[in-house]
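Visitor: Given next are the chains, with one letter for each unit.
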Amino acid sequence: QVQLVQSGAEVKKPGASVKVSCKASGYSFTSYFMHWVRQAPGQGLEWMGMINPSVGSTTNAQKFQGRVTMIRDTSTSTVYMELSSLRSEDTAMYYCARVRGARPLASFDIWGQGTMVTVSS
Amino acid sequence: DIQMTQSPSTLSASVGDRVTITCRASQSISSWLAWYQQKPGKAPKLLIYDASNLESGVPSRFSGTGSGTEFTLTISSLQPDDFATYYCQQYNSYSWTFGQGTKVEIK
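Protein sequence lines, in the order shown, are assigned to chains W and L. The numbering of the first sequence is our numbering, which starts it at 1 and goes up by one. The numbering of the second sequence is our numbering, which starts it at 122 and goes up by one.
Hints in this document: simulated from the structure, not taken from any laboratory.
Under 7 Å between C-beta atoms, here's a sample of chain L residues computed to sit facing chain W: (1) A155; (2) A164; (3) Y208; (4) W217; (5) F219; (6) G222.
Derived pair list, reagent style DMTMM-like, types lysine to aspartate or glutamate, alpha-carbon separation capped at 20 Å: (7) L:K163 to W:E46; (8) L:K163 to W:E10; (9) W:K63 to L:D122; (10) L:K160 to W:D109; (11) W:K19 to W:D90; (12) L:K166 to L:D202; (13) L:K166 to W:D109; (14) L:K163 to W:D109; (15) L:K224 to W:E46; (16) L:K160 to W:E46; (17) L:K160 to L:D202; (18) L:K163 to L:D203; (19) L:K228 to L:D202; (20) L:K160 to L:D203; (21) L:K166 to W:E46; (22) W:K19 to W:D73; (23) W:K12 to W:E82.
Given the structure is predicted, the values throughout are model-derived calculations rather than measurements. For each residue, glycine too, the CB sits at the ideal point set by N, CA and C.
Using the sequences plus the hints, can you model the full thing?
Guide: In structure tokens:
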């Protein structure tokens with residue numbers, strides 16, 4: 001079945017970087033754009049950015065420009081999101097989510113289970 | 122960025138009630154709007170896409186209407202499994218944004 005499986009929880013110190021993986025299965029990896037969304041504890045959903053797994057191009061939210069990097073590995077059908085210069089406000093659940101359909105401007109129909117990132121000294 | 126505003130923030134209702142949640146966009150987004158349901162500790166689940174299309178497998182008691190700047194999600198007869206938080210999301214531009222969420226609680 002179609003699914004996205006993310007890497008496990010992380011605890012990082014302020015100033016460090018974190019890299020979260022999202023492995024896709026059950027569909028053609030390069031045919032669907034992938035997004036990253038985060039959710040701070042008790043808060044709403046915040047879009048971070050998007051990657052085109054076919055060519056590797058990305059579009060990031062302005063808030064994260066210069067701090068977030070998204071890459072993909074087509075050999076393993078995995079996308080990665082790296083967030084640098086971590087601060088306490090980055091403590092959140094991080095989700096990958098697949099776009100519904102072939103065009104980039106669309107809703108998200110498949111979500112990963114989430115990866116909790118905790119930033120604490 | 123396009124701002125999405127949901128109302129109410131919290132809604133208390135009983136099983137069997139008809140429930141309506143509103144989402145307003147700061148500028149026209151045509152019909153490029155989705156609704157998600159999220160339960161505690163779980164990832165969001167797509168309910169409605171393109172403002173009014175029911176995602177496969179979602180019960181027919183959920184429906185969505187609207188275009189432009191004003192949208193609604195309606196649950197025709199609230200079921201115990203529907204107590205959750207609901208988010209709208211726009212995808213009219215290359216900067217996706219979500220509403221702040223509406224928590225549906227048991228009355």
